[in-house]
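K.L.:
The residues making up each chain are set out below.
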Amino acid sequence: MEKKGKKKQPSEGNDTVSSPSPSPWQAFLVHLICGLGLASALWIAHKVYTNLISDPSQILCLIWIIEAPIVILLFSIFRKNPKECSYWKAVGRGLLGLPAGAVVNALGAIALGAPVGVKYFSKTLNWSLLMSLFTVVPAASVFGSSWTNWQQIFAHTKPIGSIDYMICLPAHGAVIGAWFGAWPMPLDWERPWQEWPICVSYGAIAGYLVGMVASFCFVPLRSEQRHVKAE
Amino acid sequence: MDGVRWRMREWPLSSVFILILLLHCVGILFFTRGFLLTRTELPHYSNCSDVSQSPCLQPHPPSYASPRHPNLNPDQSCWTKPVIDRLVIIVLDALRFDFVAPSTFFEEKKPWMDKLQVLQKLACREGSSAKIFKSIADPPTTSLQRLKGLTTGGLPTFIDVGNSFGAPAIVEDNLIYQLVHNGKRVIMMGDDTWLQLFPHHFNKSYPFPSFNVKDLHTVDNGCTTHLFPSLYEEDWDVLIAHFLGVDHAGHIFGVNSIPMTEKLDQYNVILENVVEMLESQSGPGGLHENTLLLVMGDHGQTINGDHGGGTAEEVETAIFVMGLKKPPSSLLLEHDTSSCQLDLDGRLVCISSIQQIDFAVTVSALLGVPFPFGSIGRVNPELYALASGTWNFESSKEGIYQNQSNMEEWMQNYVNVLCINSWQVKRYIDIYSASSVIGFSNEDLLHLSAMYSQAMENWSNTMINLLLHKNESCHTSLPDLRRQTDAYFSFLASVAELARSKWTEFNLKMMGIGFGVILISLLVHLLAIRRLDKLCGVYFLSHAKSGISFGLTFSCLVVVIRACSFLSNSYILEEGKVASFLAATTGMLNLRYSIMKGKMLMEAVVFVLLISILRFTIELGLSKQAVSSVLLDICPSWIAELVPVLALVVLAFMLLKSIAHSSCQRIIKYVIIGTILSYLLIAAYWASESKLLNLPLPKGIRRNFIPQIIYIIGCAQLSSLALLRFLTEEKTPNWEENVVFKMVAMLSSWSSTVIILSGRQGPLVALASIIGGWCIMRLKSFEQDCKKGTPGTLSLYSSPVTQWSLIAVCLFFCTGHWCAFDGLHYAAAFIGFEEFILVPQAILLSIDTFGFSHILPIFGLPFLVAPQLPFGQGEQQRKRFFFMQLSQVYLMYGFITAISITFTILCVTIQRRHLMVWGLFAPKFVFDVAGLILTDVLIFLAVLYYDFLGQK
Chain F
1 MEKKGKKKQP
11 SEGNDTVSSP
21 SPSPWQAFLV
31 HLICGLGLAS
41 ALWIAHKVYT
51 NLISDPSQIL
61 CLIWIIEAPI
71 VILLFSIFRK
81 NPKECSYWKA
91 VGRGLLGLPA
101 GAVVNALGAI
111 ALGAPVGVKY
121 FSKTLNWSLL
131 MSLFTVVPAA
141 SVFGSSWTNW
151 QQIFAHTKPI
161 GSIDYMICLP
171 AHGAVIGAWF
181 GAWPMPLDWE
191 RPWQEWPICV
201 SYGAIAGYLV
211 GMVASFCFVP
221 LRSEQRHVKA
231 E
Chain V
1 MDGVRWRMRE
11 WPLSSVFILI
21 LLLHCVGILF
31 FTRGFLLTRT
41 ELPHYSNCSD
51 VSQSPCLQPH
61 PPSYASPRHP
71 NLNPDQSCWT
81 KPVIDRLVII
91 VLDALRFDFV
101 APSTFFEEKK
111 PWMDKLQVLQ
121 KLACREGSSA
131 KIFKSIADPP
141 TTSLQRLKGL
151 TTGGLPTFID
161 VGNSFGAPAI
171 VEDNLIYQLV
181 HNGKRVIMMG
191 DDTWLQLFPH
201 HFNKSYPFPS
211 FNVKDLHTVD
221 NGCTTHLFPS
231 LYEEDWDVLI
241 AHFLGVDHAG
251 HIFGVNSIPM
261 TEKLDQYNVI
271 LENVVEMLES
281 QSGPGGLHEN
291 TLLLVMGDHG
301 QTINGDHGGG
311 TAEEVETAIF
321 VMGLKKPPSS
331 LLLEHDTSSC
341 QLDLDGRLVC
351 ISSIQQIDFA
361 VTVSALLGVP
371 FPFGSIGRVN
381 PELYALASGT
391 WNFESSKEGI
401 YQNQSNMEEW
411 MQNYVNVLCI
421 NSWQVKRYID
431 IYSASSVIGF
441 SNEDLLHLSA
451 MYSQAMENWS
461 NTMINLLLHK
471 NESCHTSLPD
481 LRRQTDAYFS
491 FLASVAELAR
501 SKWTEFNLKM
511 MGIGFGVILI
521 SLLVHLLAIR
531 RLDKLCGVYF
541 LSHAKSGISF
551 GLTFSCLVVV
561 IRACSFLSNS
571 YILEEGKVAS
581 FLAATTGMLN
591 LRYSIMKGKM
601 LMEAVVFVLL
611 ISILRFTIEL
621 GLSKQAVSSV
631 LLDICPSWIA
641 ELVPVLALVV
651 LAFMLLKSIA
661 HSSCQRIIKY
671 VIIGTILSYL
681 LIAAYWASES
691 KLLNLPLPKG
701 IRRNFIPQII
711 YIIGCAQLSS
721 LALLRFLTEE
731 KTPNWEENVV
741 FKMVAMLSSW
751 SSTVIILSGR
761 QGPLVALASI
771 IGGWCIMRLK
781 SFEQDCKKGT
791 PGTLSLYSSP
801 VTQWSLIAVC
811 LFFCTGHWCA
821 FDGLHYAAAF
831 IGFEEFILVP
841 QAILLSIDTF
851 GFSHILPIFG
861 LPFLVAPQLP
871 FGQGEQQRKR
881 FFFMQLSQVY
891 LMYGFITAIS
901 ITFTILCVTI
911 QRRHLMVWGL
921 FAPKFVFDVA
931 GLILTDVLIF
941 LAVLYYDFLG
951 QK
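Going down the list, the sequences are from chains F and V. Once you know that position 46 of the first sequence is 46 in the UniProt record's numbering, the rest is easy, because the numbers rise by one and skip nothing. Once you know that position 470 of the second sequence is 470 in the UniProt record's numbering, the rest is easy, because the numbers rise by one and skip nothing.
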């Protein structure tokens, strides 16, 4: 259901970047921890609620609460301009990006047909916070308010450094996954998981995981190429 | 350049459009012939004497029944012994089952339940022979089909739905024919559809026009004024009174509305009076001593008041039966399908169920007339028992065996009736298979024959036993009889099942040919598009590259996704949402582009916002609420009244601005001024309708004049525009502007009619489509910028044209239409007309249905091409290039429409055995096909109008 590719933020064109580009191992580790965080969140949710379908908003809430610190803390390590921008400032940017991204995601979802109403409010809210975590938050932590970087990742889809790949691929994966996840919703199978936002969330999670796998395949590739170029 | 001109001559474009139109027509014709076949209607009629061919007992063989019933004249009976003398049928159109059944049968009590108290009271009264049945109709659940099904006992097929406008007389054998033929006098009052179906059958008839759905009372009042006097008359045997109020109230206000409950209360009073009247005359020797009262619905309706499809709400209706002769004892039946519940007053109410196809044959059996030849129903045991409880049992022996022997005698008779019933059905099936090209499959026929002969063999054994033991009064043959009824039941049930599953004989060969022709037309379309693309490329000698852009790929993807979505019934139901989902996706990609390029952000955002708004209106439309009525709910009524008028003012202002240009031709100016005048009239019309203003109309001016004037203005505008093509051959330098003006004039002359037909939402939707068109036009330039230089026309226009067609689909749904016959806004056909006149109202209905989704978008397509400024390569060349692009856009638009129809056709072919085929797929098919032909014709007209073939 969701496909919002673009975020708006006041542009400040400081991109004299000397970012600590993560090594393939670091990238692998980051994705592994993110993935494990997601898996453990799902596992806990399964333990607590036994049924991953019955109460989507609480499960989504649990997942994003567990995942949020992991993502923000990890990606803040790779912030651009680490000299000008302290680690905690990056964390703060990530925290700020969470609700902002949620608004963008929710608007996108509603434009595409997500149900609106009081009884859907908490579902949509938690879902969009989770989506924001997959898409906007890493970028917010890393790029802050650098408009050109955002534009490059989300509008042009032209990642350059390995950190770009680590942000760009999972984010696009989550969005595309969520978009495909909406497809079963109109079918008349009468399954509980066809309700908004369950299948969309699973689609997004699946897309996110695929994006992560793709990204840690690409990152070593990229760094190898650079190596070759450097030599 | 000579080479190009030569190719142009080789490729006369108009012939391509005509060729495609013809191919579509031929393909669709073939497919429709194969798909929407009618059941072959056999010209045979049942006769009294036929029964001697049956292996069953004659109704009164001297050896068996006559001694017991010396008072019955054998001459009177035909196939079965008449059980009742007179029959009163009161049909309440669109009677939902829950109107009749006590609310305790349902999960929760709704406001419209328990209104027909009198029926419930009678059904649970001790010792009365009254009962409520849940009657299950077969789709299509339109009144005409149901009346046909009720009287013929067959399964009318879908194609008849199309005849609903001018109902043809039933030529098949039917109940009414049999009644008349066997000397019963039938009188009828109410819905005039009966008279169209049975033009010469009634002794007396009091028809009232049924088509004006806004009129809740004419038919009902007419019915009541004639019903009560008739009940005192002796000059009829069967009386039919057909009330329409509930149906009309549902269509206009929905089930959960005050007019609906008022109607039901009114019926309750009427029925109370009818029952009281009948009972007062039911004494021995009275007029209604042996009368049966049937109060029934022909079909149900949804909460929104729609019917036509096959959902439970639509097919479930009720029959209330009451015999006026008190039965001396009630018969306990084994085949009791009833379920019982306590009603609100704590009385036990039992409800059985009956199939609607059983109605004709059961009533025939009760009245003792031959069963209609084509009936495939069975004599319903409960309904039959209820009335046969009124048999004359006085002569039977007193004592302990009385009940037993009553039961036995009844069973014997019933088994005999079933025997005749089975014989008649078997005869029909045999003759049908012999005379129709594709009958039932041999296996099925063999299976049926085996079941039949087994049942009949059984029967002769039983009969021998019976005859042997008939003098031993205490011998009970009930188990034998029961076995016998079971055998007949299973035979009749398998016939009905077979008929249901295979009735429509799809002609696969025809369907295949049709589909093949459609595929060929797609190929032609595609070739034409490629050819034109190359041709356009020639104009950019240096940078003619026909690379495949992202826009082209994505557009193809969107079109294919949408087309594939038709393969599932769920996506067809949610078609509007699917279209808005895809449109929003393209809109978001546009937004992404605009962020990438850092320009036209406003247009992209507006477009996404527009789609979001459309999305909500589509959901409203699906729940059958007009946008304006929701406005009415959420804000004070003066705003709801004012907003459409404001939108009209904005539209008029835009038109005024457009003619402020001096360059525009004079005729076009007049045309547009005519539209502005029409808008004023529309505003006046709404003001006169408004309850708020409560303007008294000047005397002598009927309100209908205003819409009629608007239609006349529209016609005049269109004809003057058509003339324009022949008259003015001015060589204006700014021909580009000229095309735009012609387009504005064309759109504006359609708009006034379309707007008044769509009601208050009209101007808002018109504004939305203008905004949408403007955004698409502006955003088109992305593709242009993407590549340096000019891409081929194909990739340049693919995504705007796709968006254009998606928006058109969205507009269809957000104006409250959907692809079903109940999605037609019949009320729109009555704007400006009081009576029903077929041709103008059919035209109005199609303008209302296709106005925003087909007519306006197709005539508006030049908007996409118009601002295009090709390079200055000389005026002539630019001009030719412009018109080639325009043709390309039209070709692409037609192609997109054709692809989705191809998939609809594929889908109905695959799903032709689906449960919903008549409820969902067939209406979708009909709508799409109508839309495709209309699209082709409109494109052709547009090609002629914009004159781009003459522009060489």
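Read the hints as simulated data drawn from the structure, not as lab findings. Just so you know, even glycine gets a beta-carbon here, dropped at the ideal spot from N, CA and C. Among the hints, erroneous ones may be present.
[What the hints assert, rightly or not] If you want the footprint, here are the derived chain F segments under chain V, 3+ residues with CB under 8 Å:
no., region
1, 23-33
2, 103-114
3, 151-160
[To be verified] Just the calculated beta-carbon pair ranges, DEER-fashion:
no., chain 1, residue 1, chain 2, residue 2, range
4, F, W43, V, C350, 50 to 58 Å
5, V, L609, F, H156, 19 to 27 Å
6, F, A100, V, V560, 55 to 63 Å
7, F, H156, V, L677, 48 to 56 Å
8, V, R482, F, G117, 51 to 59 Å
9, F, T50, V, D345, 44 to 52 Å
10, V, L941, F, D55, 51 to 59 Å
11, F, E84, V, W638, 54 to 62 Å
12, F, T148, V, W638, 36 to 44 Å
[Unchecked claim] So the derived list for chain V, only partly shown, Cβ under 7 Å to chain F, looks like this:
no., residue
13, S549
14, S570
15, E574
16, F581
17, A584
18, R592
19, I595
20, M596
21, K599
22, M600
23, R615
24, F940
K.L.:
Each hint: holds or not?
P.N.:
Evaluated hints:
Counting residues of the region 23-33 of chain F whose beta-carbon sits less than 8 Å from any beta-carbon of chain V gives 0, not enough to reach three: the coverage restraint is violated. Check on the region 103-114 of chain F: 5 of its residues sit with their Cβ under 8 Å from a Cβ of chain V, so the three-residue criterion for coverage holds. For the region 151-160 of chain F, the proposed coverage by chain V is satisfied: 4 residues have a C-beta within less than 8 Å of a C-beta in that chain, meeting the threshold of three. Between F:W43 and V:C350, the C-beta spacing of about 54 Å keeps the proposed range 50 to 58 Å intact.
Look at V:L609 against F:H156: about 24 Å separates their beta carbons, and that is inside 19 to 27 Å. The supplied range of 55 to 63 Å is broken by F:A100 and V:V560, whose beta-carbon atoms lie about 35 Å from each other. At about 52 Å, the CB distance of F:H156 to V:L677 agrees with the hint of 48 to 56 Å. Here the CB-CB span from V:R482 to F:G117 is close to 56 Å, well matched to the stated 51 to 59 Å.
Distance hint for F:T50 and V:D345: a CB-CB separation of about 45 Å, consistent with the stated range 44 to 52 Å. In this structure, V:L941 and F:D55 meet the distance hint of 51 to 59 Å, their C-beta atoms being roughly 57 Å apart. Our hint of 54 to 62 Å for F:E84 and V:W638 holds, since their Cβ atoms are close to 58 Å apart. Between F:T148 and V:W638 the beta carbon distance is about 51 Å. The supplied range of 36 to 44 Å is therefore violated.
Interface restraint check for V:S549: the shortest CB-CB distance to chain F comes to about 15 Å, outside 7 Å, so the restraint is violated. Hint on V:S570 holds. Least Cβ distance to chain F is approximately 4 Å, under the 7 Å limit. Checking V:E574 against chain F by beta carbon gives a least distance of about 4 Å; that is within 7 Å, so the hint holds. Proximity of V:F581 to chain F holds as hinted, the smallest CB-CB distance being about 5 Å (cut-off 7 Å).
Interface restraint check for V:A584: the shortest CB-CB distance to chain F comes to about 5 Å, inside 7 Å, so the restraint holds. Against a cut-off of 7 Å between C-beta atoms, the interface hint on V:R592 holds, since the closest Cβ of chain F lies about 4 Å away. Of the supplied interface hints, the one on V:I595 holds, with its beta-carbon coming within about 4 Å of a beta-carbon of chain F, less than 7 Å. The beta carbon of V:M596 comes within 4 Å of a beta carbon in chain F, closer than 7 Å, and the hint placing it at the interface holds.
With a cut of 7 Å, the hint placing V:K599 at the interface with chain F is violated, because the nearest CB-to-CB distance is about 12 Å. With a least beta-carbon distance of about 13 Å to chain F, the hint placing V:M600 at the interface is violated under the 7 Å criterion. Nearest Cβ of chain F to the Cβ of V:R615: about 6 Å, under the 7 Å cut. The hint holds. Here the hint on V:F940 is broken, as its CB sits about 35 Å from the closest CB of chain F, past 7 Å.
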